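Q: One letter stands for each residue in the lines below.
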Amino acid sequence: NAGVMQNPRHLVRRRGQEARLRCSPMKGHSHVYWYRQLPEEGLKFMVYLQKENIIDESGMPKERFSAEFPKEGPSILRIQQVVRGDSAAYFCASSRPVRGETQYFGPGTRLLVL
Amino acid sequence: EDQVTQSPEALRLQEGESSSLNCSYTVSGLRGLFWYRQDPGKGPEFLFTLYSAGEEKEKERLKATLTKKESFLHITAPKPEDSATYLCAVQYREGTDKLIFGTGTRLQVFP
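Here the protein sequences line up with chains A and B, keeping their order. For the first sequence, my numbering begins at 1 and goes up steadily by one. For the second sequence, my numbering begins at 115 and goes up steadily by one.
Listed next, the in silico BS3-like pairs over lysine-lysine satisfying Cα-Cα at most 30 Å (straight line):
| no. | chain 1 | residue 1 | chain 2 | residue 2 |
| --- | --- | --- | --- | --- |
| 1 | A | Lys62 | A | Lys51 |
| 2 | B | Lys193 | B | Lys177 |
| 3 | B | Lys193 | B | Lys173 |
| 4 | A | Lys44 | A | Lys27 |
| 5 | B | Lys183 | A | Lys44 |
| 6 | B | Lys177 | A | Lys44 |
| 7 | B | Lys156 | B | Lys171 |
| 8 | A | Lys44 | B | Lys171 |
| 9 | B | Lys156 | B | Lys193 |
| 10 | A | Lys62 | B | Lys156 |
| 11 | B | Lys177 | A | Lys27 |
| 12 | B | Lys173 | A | Lys27 |
| 13 | B | Lys173 | A | Lys44 |
| 14 | B | Lys156 | B | Lys173 |
| 15 | A | Lys44 | B | Lys156 |
| 16 | B | Lys156 | B | Lys177 |
| 17 | B | Lys156 | A | Lys51 |
| 18 | B | Lys171 | A | Lys27 |
| 19 | B | Lys193 | B | Lys171 |
| 20 | B | Lys156 | A | Lys71 |
| 21 | B | Lys156 | A | Lys27 |
| 22 | A | Lys44 | B | Lys182 |
| 23 | B | Lys171 | B | Lys182 |
| 24 | A | Lys62 | A | Lys44 |
| 25 | A | Lys51 | A | Lys71 |
In case anyone wonders, no lab produced these hints; they're calculated from the structure. Being a predicted model, the structure only gives us computed values, none of them experimental.
Turn these sequences into a full structure, and let the hints steer you where they fit.
A: Right, here's the structure in full:
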């Protein structure tokens, strides 16, 4: 049973470009969460999605960031017009559709903005 | 503001030297407390979930306990391969299932 998959593992962008991060949840999981880990900081919640629905985006910056989890295909975290402060590790986690279920994390995408 | 605080920030142990990591929380209405292990350059790896005060869980050299205000991760006779950052996260009873993480304890075990 494959774990949570994320790609790319490393992404380099120049300021002003767009970054697209993909996450495929574990089999049987329909809940997806995105977290960001800035250098020397802890993991911070960004957004929680179910298929075709954003449930909680309270941790997402209001501008330039968006997320989706379509009926088919992976969840996408999109960052428009990246700035150097967006450089971080972005982790996706997934869980079964039960309240309080364990969230299993993927290997992360490390974004570097030049 | 609800917070999760982990201590110590860093811990150096000799192989075989048992110790405990602390996670204290001020979340009102706890649904669950989660422990993860994170190796450099990797994603957090799930260890334990605790749901109620008094609960204990064990796995190999690790044992997690929970009270109403804090959780401990006890490491018995650690080995160098236990070196990692240990993360604690809490989840509210109300609202969505987002996790609130502490900043972690960086553990180094020397042979």
